[in-house]
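Residue-level listing of the chains:
There are 4 protein chains.
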Amino acid sequence: MSRENNNTKHQVGIAVIGAGRIGLVHCEALTRVPGVQLVAVADFIYEAATTAAEKFHIPLVFQDWKEVLKLPQVHGIVVCSPSDTHADIIVAASRAGKHIFCEKPIDYDLKRIDLALTAVERAGILFQLGFQRRFDANFRRVREAVKSGEVGTPYMLHIVSRDPAPPPISYIKQSGGLFFDMMTHDFDMARFCMGSEIVEVTSLGANLVDPAIGEAGDIDCAVVSVKFANDCIGTIECCRKAAYGYDQRIEILGSNGSVNIGNNFPNTAIISNSQTIHRDLPLNFFMDRYKEAYAREMETFVDIIQNHKTPPVSGLDGRIPVVLAYAALQSMKEKRTVRVDEIDSTASVLAHPKM
Amino acid sequence: MSRENNNTKHQVGIAVIGAGRIGLVHCEALTRVPGVQLVAVADFIYEAATTAAEKFHIPLVFQDWKEVLKLPQVHGIVVCSPSDTHADIIVAASRAGKHIFCEKPIDYDLKRIDLALTAVERAGILFQLGFQRRFDANFRRVREAVKSGEVGTPYMLHIVSRDPAPPPISYIKQSGGLFFDMMTHDFDMARFCMGSEIVEVTSLGANLVDPAIGEAGDIDCAVVSVKFANDCIGTIECCRKAAYGYDQRIEILGSNGSVNIGNNFPNTAIISNSQTIHRDLPLNFFMDRYKEAYAREMETFVDIIQNHKTPPVSGLDGRIPVVLAYAALQSMKEKRTVRVDEIDSTASVLAHPKM
Amino acid sequence: MSRENNNTKHQVGIAVIGAGRIGLVHCEALTRVPGVQLVAVADFIYEAATTAAEKFHIPLVFQDWKEVLKLPQVHGIVVCSPSDTHADIIVAASRAGKHIFCEKPIDYDLKRIDLALTAVERAGILFQLGFQRRFDANFRRVREAVKSGEVGTPYMLHIVSRDPAPPPISYIKQSGGLFFDMMTHDFDMARFCMGSEIVEVTSLGANLVDPAIGEAGDIDCAVVSVKFANDCIGTIECCRKAAYGYDQRIEILGSNGSVNIGNNFPNTAIISNSQTIHRDLPLNFFMDRYKEAYAREMETFVDIIQNHKTPPVSGLDGRIPVVLAYAALQSMKEKRTVRVDEIDSTASVLAHPKM
Amino acid sequence: MSRENNNTKHQVGIAVIGAGRIGLVHCEALTRVPGVQLVAVADFIYEAATTAAEKFHIPLVFQDWKEVLKLPQVHGIVVCSPSDTHADIIVAASRAGKHIFCEKPIDYDLKRIDLALTAVERAGILFQLGFQRRFDANFRRVREAVKSGEVGTPYMLHIVSRDPAPPPISYIKQSGGLFFDMMTHDFDMARFCMGSEIVEVTSLGANLVDPAIGEAGDIDCAVVSVKFANDCIGTIECCRKAAYGYDQRIEILGSNGSVNIGNNFPNTAIISNSQTIHRDLPLNFFMDRYKEAYAREMETFVDIIQNHKTPPVSGLDGRIPVVLAYAALQSMKEKRTVRVDEIDSTASVLAHPKM
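Residue numbers (UniProt numbering), protein chains in the order written: chain P, 1 to 355; chain Y, 1 to 355; chain S, 1 to 355; chain X, 1 to 355.
No lab work stands behind these hints, which were simulated from the structure alone.
Glycine included, every Cβ here is placed at the ideal spot set by N, Cα and C.
Keep in mind that a hint or two might mislead.
[Stated by the list, open to error] Between beta-carbon pairs, the in silico distance windows are:
id : chain 1 : residue 1 : chain 2 : residue 2 : range
1  : Y       : Ser255    : X       : Asp344    : 36 to 42 Å
2  : X       : Glu54     : S       : Ala92     : 17 to 23 Å
3  : X       : Thr51     : S       : Asn284    : 38 to 44 Å
4  : Y       : Ala212    : X       : Gly149    : 20 to 26 Å
5  : Y       : Ser255    : S       : Pro266    : 44 to 50 Å
6  : P       : Gln11     : Y       : Arg21     : 57 to 63 Å
7  : S       : Gly214    : P       : His308    : 45 to 51 Å
[Unchecked claim] If you want a taste of the chain P side facing chain Y, the calculated C-beta under 8 Å gives, among others:
id : residue
8  : Val25
9  : Glu150
10 : Thr153
Using the sequences plus the hints, can you model the full thing?
Structure below.
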């Protein structure tokens, strides 16, 4: 007795634009989401696209991302190309009626962000931004503790955000600077976990890790004090280097107590010898640390397409942290508290070539 | 510019026998292993097989496991059927030239185990036993700490093994008893982490969790002292119930220090309130706790087929813990230390209907 | 065979001024320091003084602190009276040639602080200020990690400082405010652990814990960003209430890694039940948390008298945090970064009756 | 206005017999107990006695302990002399009507123990045995968790007991062996925390740390399985060497969950560098680890004398662990479970010259 299995589940066709590091992460996550057909991959560097296609059995390969928008079997695109292409792709994909998952940032120019988001709105397509930490079990537990009232009325927040090592200077130079490149993620976590908007920022930066970063016009250490609409206050600290690896923590104090999260580790082993009691280093960088979060992020993107749900990370969620980064930059320069509503919607990183 | 991707990678055809809980875990893991073709699924309960087939897009579905052995496109089988069918399936699959992954136990009758292992040997097929903890990052770290000399010459071992709650009495009755059903896993971990064979056991059991377990002729708490061939000593404790969930730990002390592992948790959040400083419960049971281990176990099985490697968990690794369980049972009854070489190879659980 | 023991060790005569809570802590610590003779105790509330005298076998009891300065057998005084009496007592004791241990603050009026410190300097007596955290094993370990180069070149600092519950409003009203009453301790820890002076502060305050504190003109939550002379940056957060008890932590990140300290607990027990994995609350408040530190502080005071050593916490160490509190207050009001050298030495808390 | 303080509190005169390491610990603790007069110290090594007398201002010094029993101002004695003198001192002190605190063991000969305890009983004096762990905050928390029902009905126990390094071989030779010298403490903790008597033991020993210990007829690693009168089971493991220092832990599992305690550390600092996340080693040995416990033990002894209370650690509490040690020794030799009631009251360590 035997039978051919005939699965009739609604399949979602996805094309991935950009087959670099993060593009491959999303491809792998997508191969594990039931109901997904990886239809096409595009990358300006054609070899990158073909390599991805072979690894993940993707039938169609392109150099030009515009080609994937023409494919009727593509329902949604995953944008992992360089940041300065995001806005254009969003506008074109919106017009082509494709749902969009876009890696952060949409852009660092608020006018271009607004252009992109307007295109999305007009097209009525679904748009999800790539703040993967929102899908991380630790940060979600913090959000839950605040939202459910477990910590009571929130008072204060502190975020620690440290990379294992600075990126190459070439990357630094085109990164938009620490507030844009690193801290936008943390601004998002502050808003997400607190459930309230930041209304004032005061910032302080330093160049302590590598003089070359300073010479490139950037900082590598920063602290930002924030005030929320709900009157809570907090601090966010970023550093480009932690010798022990990737360090991502948050603590929120409220009237009933506090919630704070630590890092994730490859194992739970404790080694005790004649020198110390120790454990292995935490998961080294975002690819390992947020592997599960990336998987859930893609599952969510497929789910919102399949069931036409509201994306949990919207275009506005991508715009606000950029505004906050402008405010932080201005505060550091002017050595004063900056109200977020001071930032003009025409602010552009091009107007701030050097910090 | 576009191109059809033509992946020529060597595909491995796998059939899964038994579509119960653990069968589904292995199916899911297999769908994520590159190069695997899930060819067929069989289950005596046909609905279970069809459900699995639909979920994992498996083309062929059978009620009788013998059918899958006839398929030429099946290179390996994954045996997840009831324990008392394992030996027969192993013998038949060996004759059919299929590589075998088999859930533990092979059997609890040493004669039947030996029959099965002889069939495997004669056929020259690859056989891997389902001790998934060997693929867990924590236990592997312990093994590494011992093997590499990080803890020096080993002295002592302690294993804690607790289930969140006892299984139904119906399961208990046909389980073979705590030493066979639970502690064989721990005997394997003791051997694996210590890298030495157990030569003596002394055991103590109690019925404290549920009187119904005692009435069924079993115990629900046990401690076993072990002596290893390398002269190390240790203790293993098992309990059918830990109110806080699944608890799997090991500690090894050596001349340079110790290594010990804790449980895995769903998140790292610490909540502090006016009563306590606390965290969420550990991952609840083996399905969550060893999810990664099951995935690596299947990757390994596919890899050994693809590259004809030596399986990391052999048939003998399945036989030895059963011998140890007999020794533990005898020690408990006779209130004395039992040498492992006292256990006759004709020992059979049928000869021990009641503990 | 027996012998009368004739101990000839140099005895130090100490008088305690102020027999309130902290006065009693110091009395108890002093009874345990070898070589100390508790000679006299004075308190404006005479019953407080007699109670202390009975408990600690102190032979002489006074209402007026001036009396103890006349006693030739008093070598040093321990000042635990209300803050507004400290400066006067310091001036008088200096003139009387008594060594002085003084609880913080010397005063909140910089002119009065300077008067007191000038008197100390002219008299050439030994003066130690009561920043007990400098004697705490955790904070000392942080200092050591920075000083020894264990964390490399320091980059950033974060201090968490939370009381279990706000003091009575009556206390709040005369406390000088959160920056003076609470955060001066944390400014001292920042300087002590970092080994560098704070040169800029930017602060943010909020009244979230209790509206009555706001009505009294104070805040109950505050964050202060600091910049050090060594270019490091950091943040200090204070809150008048943590439901789980006293919370005193510090973290310093440097080029080689980080050091951070947690709280102290009454025991190490971990309780696991069907709800959580938890432990008892940390030691509740400074009396328990710093019991050992207070003991070491008194041992040190006696030791510096016996051996004429340099006090480890000087008068200047008492002055600087007050200047920093003025800077923080001004920054909060003016919503800008304040350079510490902007604070005029005539700054007086009397000039800032309300925040 | 001044007044002579006239403290009329009931003073307790104490004499310390034995001025070695533990004698000095008790002297120091006693100097900190209000109401204690350290009257005399005796040691066969007269210099040890005079050194202690000078350090702690003890007026009377003797070589012969019999002298201190003649002093009317001595209400209680603290026995810290070599173990083989304990029984004789207990008998003599009982006859002299002195209350007795005695370091463990009373003796290892059960007949001599019974002689001593009979003398105590006849004299009606108060007798407290030196199991200081009963006064440790961690072990007390375990006891409380069991007694209060916090962990529910107890099921199982595990004790880890490791010294930082073996004592000199000369000490080993006269120590009575690991079961007597080390594990009697752990047997006491098992009884104390579980609140039930041990009725069966099964033991296993090994000589792995130092061959010289084996040559001296002793073992350096041991595990003992125990069965309690309340049907619970458990394991105790001892080792003479843990490279990372003193390791004293216990875990009890019950129907509602578990309690387990860790070690105490000199500070809470966590250092993270490019190699590991680590902390300093635990408090090194019993002098540091149980400093607080020793202090509370002496406070308790003074309190029971002052208020004629029942001692919390009785003579019987000293006898039972010795019986258990005999049972463990016999079990190891005979490779079988030994019922505690098999041990004859005439058992004597002299009859077991070599293990």
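Checked hints:
1. Ser255/Y / Asp344/X: 36 to 42 Å: Given about 38 Å between the Cβ atoms, the range holds.
2. Glu54/X / Ala92/S: 17 to 23 Å: Violated, at about 38 Å.
3. Thr51/X / Asn284/S: 38 to 44 Å: Holds, since Thr51/X and Asn284/S (Cβ atoms, about 40 Å apart) stay within the stated range.
4. Ala212/Y / Gly149/X: 20 to 26 Å: Because 23 Å falls inside the window, the suggested range holds.
5. Ser255/Y / Pro266/S: 44 to 50 Å: Violated: the Cβ-Cβ distance is about 34 Å, outside 44 to 50 Å.
6. Gln11/P / Arg21/Y: 57 to 63 Å: This hint is violated: roughly 28 Å between Cβ atoms.
7. Gly214/S / His308/P: 45 to 51 Å: The hinted range 45 to 51 Å holds for Gly214/S and His308/P, with Cβ atoms some 47 Å apart.
8. Val25: Violated - the Cβ of Val25/P stays beyond 8 Å from chain Y, reaching only about 15 Å at its closest.
9. Glu150: With Cβ-Cβ at 6 Å, under 8 Å, it holds.
10. Thr153: violated (13 Å)
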